[in-house]
Amino acid sequence: MDNNQMIAELQQLINPEHIFIDEYLKKHTYTKLGGKADFFVTPPLILRKYKK
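If you read the sequence shown in my numbering, its first letter stands for residue 32, the second for the next number, and so on.
What the hints contain is simulated information worked out from the structure, not anything from laboratory work.
Each hint should be verified, as a subset may be incorrect.
Distance windows between CB atoms, simulated [to be verified]: (1) Pro-74 x Ala-39: 29 to 35 Å; (2) Gly-66 x Ile-38: 17 to 23 Å; (3) Thr-62 x Gln-36: 31 to 37 Å; (4) Lys-63 x Glu-40: 29 to 35 Å; (5) Pro-74 x Asp-53: 16 to 22 Å; (6) Lys-67 x Gln-36: 17 to 23 Å; (7) Gln-43 x Ala-68: 17 to 23 Å.
Every residue gets a Cβ at the ideal spot worked out from N, C-alpha and C, and that includes glycine.
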């Protein structure tokens, strides 16, 4: 399965505003460490915390 297929399937299951592509994990960790994730999915309550 390629990334485009994975995105399409994720968007069928999850609201697209909760799906981040090529997201750096350092934005989401206490120690500010972490490389780029192919896909990062957040639950609705956590998304509200980071959205400004």
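Results for each hint:
1. A hinted range of 29 to 35 Å for the beta carbons of Pro-74 and Ala-39 is inconsistent with their spacing of about 21 Å.
2. A hinted range of 17 to 23 Å holds for the C-beta pair Gly-66 and Ile-38, which are about 19 Å apart.
3. One distance hint, 31 to 37 Å for the beta-carbon pair Thr-62 and Gln-36, holds here, with the actual separation near 33 Å.
4. For Lys-63 paired with Glu-40, a C-beta distance near 31 Å keeps the hint of 29 to 35 Å intact.
5. Our hint of 16 to 22 Å for Pro-74 and Asp-53 holds, since their Cβ atoms are close to 20 Å apart.
6. The hint said 17 to 23 Å for the Cβ distance between Lys-67 and Gln-36, and at roughly 20 Å that hint holds.
7. The hinted window of 17 to 23 Å between Gln-43 and Ala-68 holds, with their beta carbons roughly 20 Å apart.
Comparing the model with each earlier hint shows a violation of hint 1 alone; every other hint is respected.
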